[in-house]
Amino acid sequence: MSAWTIARLTFREASRRKILYAAFLLGIAFLAIYGVGFFLIRQEMVREMANSMEERAPFFLNQMSNFMLLAGLYAVNFLTVMMTVLTSVDTVAGEISSGTIHTLVSKPIRRWEVLLGKWLGYSGLLTAYLVLMAGGVLLLVRSIAGYTPSGWPSGLAWMWLNAMLLLCLSLLGGTIFSTLANGVMVFGLFGIAFVGGWVEQIGSFLENQTAVNVGIISSLILPSEALWKRAAYEMQSAISGLAPGMTPFSSVSVPSPAMIVYAVIYALVILILAVRKFQRRDL
Amino acid sequence: MESTHSPAIETIGLRKVFGEKVAVADLTLTVERGEVFGFLGPNGAGKTTSVKMLLGLITPTAGQGRLLGKPLGDPQGRAKAGFLPEHFRFHDWLTAREFLHLHAELYHIPAALARKRVAELLELVGLASFAGQKLREFSKGMLQRVGLAQALLNEPDLVILDEPTSGLDPVGRLHVRDIIRGLRDRGAAVFLNSHLLSEVEITCDRVAFIKHGSVIQVTPLKSLMEGEIELLVQARPLTAEVASGLKHWSRDVRVEDGQVTLTLSKEEDIPQINRYLVDSGSQVFALYPKRLSLEDQFIRIIGMDGGL
Numbered sequence: 672m673s674a675w676t677i678a679r680l681t682f683r684e685a686s687r688r689k690i691l692y693a694a695f696l697l698g699i700a701f702l703a704i705y706g707v708g709f710f711l712i713r714q715e716m717v718r719e720m721a722n723s724m725e726e727r728a729p730f731f732l733n734q735m736s737n738f739m740l741l742a743g744l745y746a747v748n749f750l751t752v753m754m755t756v757l758t759s760v761d762t763v764a765g766e767i768s769s770g771t772i773h774t775l776v777s778k779p780i781r782r783w784e785v786l787l788g789k790w791l792g793y794s795g796l797l798t799a800y801l802v803l804m805a806g807g808v809l810l811l812v813r814s815i816a817g818y819t820p821s822g823w824p825s826g827l828a829w830m831w832l833n834a835m836l837l838l839c840l841s842l843l844g845g846t847i848f849s850t851l852a853n854g855v856m857v858f859g860l861f862g863i864a865f866v867g868g869w870v871e872q873i874g875s876f877l878e879n880q881t882a883v884n885v886g887i888i889s890s891l892i893l894p895s896e897a898l899w900k901r902a903a904y905e906m907q908s909a910i911s912g913l914a915p916g917m918t919p920f921s922s923v924s925v926p927s928p929a930m931i932v933y934a935v936i937y938a939l940v941i942l943i944l945a946v947r948k949f950q951r952r953d954l
Numbered sequence: 026m027e028s029t030h031s032p033a034i035e036t037i038g039l040r041k042v043f044g045e046k047v048a049v050a051d052l053t054l055t056v057e058r059g060e061v062f063g064f065l066g067p068n069g070a071g072k073t074t075s076v077k078m079l080l081g082l083i084t085p086t087a088g089q090g091r092l093l094g095k096p097l098g099d100p101q102g103r104a105k106a107g108f109l110p111e112h113f114r115f116h117d118w119l120t121a122r123e124f125l126h127l128h129a130e131l132y133h134i135p136a137a138l139a140r141k142r143v144a145e146l147l148e149l150v151g152l153a154s155f156a157g158q159k160l161r162e163f164s165k166g167m168l169q170r171v172g173l174a175q176a177l178l179n180e181p182d183l184v185i186l187d188e189p190t191s192g193l194d195p196v197g198r199l200h201v202r203d204i205i206r207g208l209r210d211r212g213a214a215v216f217l218n219s220h221l222l223s224e225v226e227i228t229c230d231r232v233a234f235i236k237h238g239s240v241i242q243v244t245p246l247k248s249l250m251e252g253e254i255e256l257l258v259q260a261r262p263l264t265a266e267v268a269s270g271l272k273h274w275s276r277d278v279r280v281e282d283g284q285v286t287l288t289l290s291k292e293e294d295i296p297q298i299n300r301y302l303v304d305s306g307s308q309v310f311a312l313y314p315k316r317l318s319l320e321d322q323f324i325r326i327i328g329m330d331g332g333l
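Residue numbers (my numbering), protein chains in the order written: chain A, 672 to 954; chain B, 26 to 333.
Among the clues, some could well be false.
Claimed, not checked - Simulated crosslink set (DSS-like; lysine-lysine; CA at most 30 Å straight-line): (1) B/272 to B/291; (2) B/247 to B/315; (3) B/159 to A/689; (4) B/315 to B/291; (5) B/165 to A/689; (6) A/948 to B/95; (7) A/948 to B/46; (8) B/291 to B/247; (9) B/141 to B/159; (10) B/247 to B/272; (11) B/95 to B/46; (12) B/141 to B/95.
FYI, nobody ran anything at the bench for these hints, they're computed from the structure.
What you are looking at is a predicted structure, and each value in this text was computed from that prediction instead of being measured.
Okay, chain A solo, but in the shape it has when bound (with noise of 0.2 Å):
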């Protein structure tokens, strides 16, 4: 099937112009001084809990482990969302300028085929990275403190359904913008789901419902932001629900189970307008 031939080239490109490697190693360096940060936090906390309250010191550490945790997958989601715009946003705009895509798509293939192999070779890139990324993280967490979190597949699910979501915005836009143009817009909606989040987060913290309405519609612009919510809140400790702190790993005000099935259809509509319009671009 020629989408998984594009999808290879995908993959062959990513590795031929270093993407893959130096994804891979800077990956490794985070992994190890998160590490290393970690197992001496938790080191320097064990030693002074040894002293005072010993009760209550396996519960706090987990509580520690949990907060380190999602601090950990809020920088891996970030990177991811870098990852995705970063890699995708010239796959089709630069194919268009360049004229790489017309002795592409002059063979018997079909356009979607064409984008389907992109969007196939970028998302198991992407899968790839995320699973070695927010992977490690979990790993050293379990190896060091021998904390997991219960809900870590649907949390780590929903940080792969956001990098999806971003994957499948870059490719509509690169059907439509130059490169440059693509990038803007995408990076533009996802600033306005960050700062949306924000302002429901500390709308909620004060019980004000117009900022909260805030986030929610700017959740709807871009659902991107609600999904780490979502995914921070799969994963953190009991505790930390119920005694908000105001971190950017914890979530207050909760997106809805509805916001998981939004972000889904919304990913699919975008793939297929993508397709549509890729359909009838003059190239």
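Assemble chain B onto chain A, guided by the hints.
Just chain B now, with coordinates in the frame of chain A:
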């Protein structure tokens, strides 16, 4: 079967409008299998847009057409077609061999056959010793060669070449000419979009002239070339009276520096002119017949303004 007997290209009234601009007004032509068809016109006449419509890269605003018997835009029509774009750009992080294998895969050529075809074609275009080199390191001429190889992977029934020799040296051009002849001998059609009229003159069976997005003339190259003859007459004395008598054979008689140039429609007029001059008391020193080159014809048909 319809698909093997149908013309290679068949279009009726293809039209493409970009916003306000009419890129192609009316493209109506038929290209048969086994002929080399030249597509000539000035810059901006709509040649590349026409080619792109044939290959489904651009959707026509109106009109219809068939490529190898299949409606334009149908991938099946492109299965036995090859294409080398004018501004060819390839995935330059691939080696020449990888590049050809990628495109063989897109043509759905089985792997074993693809290996054989890729080796043959690298040999044919003279890149066998560069097979493992990345395209990034290739010169323009080498890229054009590998691009040509890419267009021949599927043993095409129709090859569309948009300025295929622009980056090539004279030897390379000669080589491409041989490849084009080989394709024709095999029964394939070649659609050649070129500015290099001397190339077209040598390789094409028929030519179409396109101006302002419309085909204004389609003609066998042979009849075009055999059409008119320019005759240079050197005779003395050549009085004005004798010179005006030459108008019997030509509407277009020009006298310059004691020489007369006239345009004839047929070769048989030359002995008659000779006899007339001798009978009129002139001594004939020379009669130089000269066929109009394709370039002369191009300018005559398209006009000096280049159709702009």
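To see whether the hints hold, each was checked on the structure:
no. : hint           : verdict
1   : B/272 to B/291 : holds, 14 Å
2   : B/247 to B/315 : holds, 15 Å
3   : B/159 to A/689 : holds, 15 Å
4   : B/315 to B/291 : holds, 12 Å
5   : B/165 to A/689 : holds, 25 Å
6   : A/948 to B/95  : holds, 24 Å
7   : A/948 to B/46  : holds, 22 Å
8   : B/291 to B/247 : holds, 14 Å
9   : B/141 to B/159 : holds, 20 Å
10  : B/247 to B/272 : holds, 27 Å
11  : B/95 to B/46   : holds, 28 Å
12  : B/141 to B/95  : holds, 28 Å
In this structure, none of the earlier numbered hints is contradicted; all agree with it.
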